[in-house]
Amino acid sequence: MKLVKNTSGRFVFQLTPREQRLFVEVLELYPLIPDGTRKLTKQSGQAPLDESQELLDEALAEQRVSNQRDLAKFLADPQRVHTTKSYTRLTLAASDMEFLLQVLNDIRVGSWILLGSPDYQTEKRLEVTQKNARYFWARELAGAFQSLLIAAMNVVQ
Amino acid sequence: MPEISEPLVLPVIDPSSKQTREPGWLVVCWDDPVNLMDYVTHVFQTVFGWSRQKAEQHMMQVHKQGKSVLIRESFEKAEHYVHQIHRYALNATMERDE
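Residue numbers (my numbering), protein chains in the order written: chain C, 1 to 157; chain H, 1 to 98.
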């Protein structure tokens, strides 16, 4: 996947057929962060904070539903994608880039949580099994696509 | 002949006084070692409108020290920022600044 054009906040990427398949497959894993994972504060047990935790849970649940809907539209939108036999051209607006970064980081962080939130030391002892292999794959692939999108955005900064 | 104006002397404010310490909620970002450094920098720039240099300083603090206090704000604004950071799947909390 490479950036081929960047004009007026529109980014055009070229993907090989294999890259396009992987891009879609990894996006289809969204969402992966388990419900209730995110905490508003470490000072729980105080009335205003407990109420705000409920608000955060609701906001994140709404965002998840909205992102799933937008992602389905995104993946089905023929105007973004131009495919030939040898490559696919994907056109993204700046807002699409932000949206995809959020979705990809959910997949990356969610995969990591489902792998047991390994730190640098425990990572070395993690074994790839049939059960967890997809999370290793998703974590690395989501990170690779994130890096490509950020690098493309930094070209114009 | 031009008049010479008196120099403007600003009052000395004790940084630990209540006046300067209001509002009192800290937005803290915690290290999830899975997050990419460039991504964390990008999120700080986007959410707070910071320069790349300032965003990188906070990102490095998260990376090396496990957390960074990003901003001190009122309850409502701190809550808003924590929500924004969670939208990007980073781990942030708001803590009362005692």
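It should be emphasised that the hints constitute simulated quantities derived from the structure, not laboratory data. The structure displayed is predicted, hence computed values, not measured ones. By construction, the Cβ of each residue, glycine as well, lies at the ideal position given by its N, Cα and C atoms. Honestly, I wouldn't trust all of these hints.
What the hints assert, rightly or not - Subject to a maximum C-alpha distance of 25 Å in a straight line, what follows is the list of computed DMTMM-like cross-link-like pairs (lysine to aspartate or glutamate): (1) H:Lys77 <-> C:Glu19; (2) C:Lys39 <-> H:Glu76; (3) H:Lys67 <-> C:Glu19; (4) C:Lys124 <-> C:Glu98; (5) H:Lys64 <-> H:Glu76; (6) C:Lys5 <-> H:Asp38; (7) H:Lys77 <-> C:Glu51; (8) C:Lys42 <-> H:Glu95; (9) H:Lys67 <-> C:Glu54; (10) H:Lys77 <-> C:Glu98; (11) C:Lys124 <-> H:Glu95; (12) H:Lys67 <-> C:Asp35; (13) C:Lys124 <-> H:Asp97; (14) H:Lys77 <-> H:Asp97; (15) C:Lys124 <-> H:Glu76; (16) H:Lys64 <-> C:Glu123; (17) C:Lys39 <-> H:Asp32.
To be verified - Cβ pair distances, simulated, as ranges: (18) H:Gln53 <-> C:Lys5: 49 to 55 Å; (19) C:Val65 <-> H:Arg96: 50 to 56 Å; (20) H:Gln84 <-> C:Val65: 14 to 20 Å; (21) C:Glu54 <-> H:Arg52: 15 to 21 Å; (22) H:Arg52 <-> C:Asp119: 26 to 32 Å; (23) H:Arg96 <-> C:Ala93: 15 to 21 Å; (24) C:Lys5 <-> H:Gly49: 38 to 44 Å; (25) H:Gln53 <-> C:Thr91: 29 to 35 Å; (26) H:Lys54 <-> C:Gln53: 26 to 32 Å.
Here is how each hint holds up against the structure:
1. H:Lys77 <-> C:Glu19: Distance of about 41 Å is beyond 25 Å: violated.
2. C:Lys39 <-> H:Glu76: holds, 16 Å
3. H:Lys67 <-> C:Glu19: violated, 35 Å
4. C:Lys124 <-> C:Glu98: violated, 32 Å
5. H:Lys64 <-> H:Glu76: With Cα atoms ~29 Å apart, Lys64 (chain H) and Glu76 (chain H) exceed 25 Å; violated.
6. C:Lys5 <-> H:Asp38: holds, 22 Å
7. H:Lys77 <-> C:Glu51: holds, 15 Å
8. C:Lys42 <-> H:Glu95: Roughly 7 Å separates the two Cα atoms, so the pair holds.
9. H:Lys67 <-> C:Glu54: holds, 24 Å
10. H:Lys77 <-> C:Glu98: holds, 22 Å
11. C:Lys124 <-> H:Glu95: Violated. Lys124 (chain C) to Glu95 (chain H) sits at ~33 Å, over the 25 Å cutoff.
12. H:Lys67 <-> C:Asp35: Holds: Lys67 (chain H) and Asp35 (chain C) sit about 23 Å apart, inside 25 Å.
13. C:Lys124 <-> H:Asp97: violated, 38 Å
14. H:Lys77 <-> H:Asp97: holds, 14 Å
15. C:Lys124 <-> H:Glu76: violated, 42 Å
16. H:Lys64 <-> C:Glu123: holds, 18 Å
17. C:Lys39 <-> H:Asp32: holds, 14 Å
18. H:Gln53 <-> C:Lys5: 49 to 55 Å: violated, 29 Å
19. C:Val65 <-> H:Arg96: 50 to 56 Å: violated, 32 Å
20. H:Gln84 <-> C:Val65: 14 to 20 Å: holds, 18 Å
21. C:Glu54 <-> H:Arg52: 15 to 21 Å: Violated - the Cβ-Cβ distance for Glu54 (chain C) and Arg52 (chain H), about 35 Å, lies outside 15 to 21 Å.
22. H:Arg52 <-> C:Asp119: 26 to 32 Å: Check passed, 27 Å falls within 26 to 32 Å.
23. H:Arg96 <-> C:Ala93: 15 to 21 Å: With Cβ atoms ~40 Å apart, the hint is violated.
24. C:Lys5 <-> H:Gly49: 38 to 44 Å: At roughly 27 Å between Cβ atoms, Gly49 (chain H) and Lys5 (chain C) fall outside 38 to 44 Å, so the hint is violated.
25. H:Gln53 <-> C:Thr91: 29 to 35 Å: Given about 32 Å between the Cβ atoms, the range holds.
26. H:Lys54 <-> C:Gln53: 26 to 32 Å: Once the Cβ atoms are compared, 29 Å apart, the range 26 to 32 Å for Gln53 (chain C) and Lys54 (chain H) holds.
Of the numbered hints stated above, those contradicted by the structure are hints 1, 3, 4, 5, 11, 13, 15, 18, 19, 21, 23 and 24, listed in ascending order.
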